[in-house]
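The opening position of the sequence shown corresponds to residue 1 in full-length UniProt numbering, with each subsequent residue numbered one higher.
Quick caveat, the hints were computed from the structure, so don't treat them as lab data. Be a bit skeptical, because a hint or two may be false.
[As the list claims (entries may be wrong)] Ranges between beta-carbon positions, derived for each pair: (1) D164 / L128: 34 to 42 Å; (2) E153 / P7: 37 to 45 Å; (3) K180 / V130: 33 to 41 Å.
Note that CB positions come from ideal geometry on N, CA and C, so glycine has one too.
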Amino acid sequence: MSSIVTPLSKVKIETYYIPRHGFIPNSDPTSKPLIYYKSLFQKGASKAAIKDHINSLKVVEAQWTYTMYPTTHFHTTSHEAIIVLSGGALLLFGGESNPARVELEVKAGDALLIPAGVSHKQVKEIGLEVFDMMGAYPVNAEHWDMCYGLKEEGNTEARIKQLDWFTKDPFYGENGPAVKV
Numbered sequence: 001m002s003s004i005v006t007p008l009s010k011v012k013i014e015t016y017y018i019p020r021h022g023f024i025p026n027s028d029p030t031s032k033p034l035i036y037y038k039s040l041f042q043k044g045a046s047k048a049a050i051k052d053h054i055n056s057l058k059v060v061e062a063q064w065t066y067t068m069y070p071t072t073h074f075h076t077t078s079h080e081a082i083i084v085l086s087g088g089a090l091l092l093f094g095g096e097s098n099p100a101r102v103e104l105e106v107k108a109g110d111a112l113l114i115p116a117g118v119s120h121k122q123v124k125e126i127g128l129e130v131f132d133m134m135g136a137y138p139v140n141a142e143h144w145d146m147c148y149g150l151k152e153e154g155n156t157e158a159r160i161k162q163l164d165w166f167t168k169d170p171f172y173g174e175n176g177p178a179v180k181v
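Please construct the entire structure, taking both the sequences and the accompanying hints into account.
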């Protein structure tokens, strides 16, 4: 395991099963929770080192660095792994009016595994440093789409149910939390 990754026995893992809300499927079609890995990467880990680690496991491949959109959205064609590279932010999962929504304050070094269908958005940046993240998607997955919980998006759950879940964790490989949920 890479020296930039906090040992699994020392990282705090939180899981959140978020029920369907309106036209946002959330965890229902996959029966998988949002997984939050607090302080997964060591302080000072470079973007290049994080990308190398993720790509070396051959579970997901890093595709972009950016911030998170301020609009609630979800994907039906792919699960998504997010790594916070710098700064901090308040993120909202599940939809703004969902009584079961989840709000997380994330910071550099944290990571999230977002099942297809789970909506997410950035509420606000926290702190002085610019909030930046890396997005990664399963190797050989269909390109990710953007859905917003609108009726006209059709049967989003049917598309999500066609996706396979991970046989290895995107950050820890064989024995990580993604294979145990």
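Going through the hints against the structure:
1. For the pair D164 and L128, the beta carbons lie near 41 Å from each other, so the given range of 34 to 42 Å is met.
2. Hint check: E153 to P7, Cβ distance near 41 Å, so the stated range 37 to 45 Å holds.
3. Distance hint for K180 and V130: a CB-CB separation of about 34 Å, consistent with the stated range 33 to 41 Å.
The structure meets every hint from the earlier list without exception.
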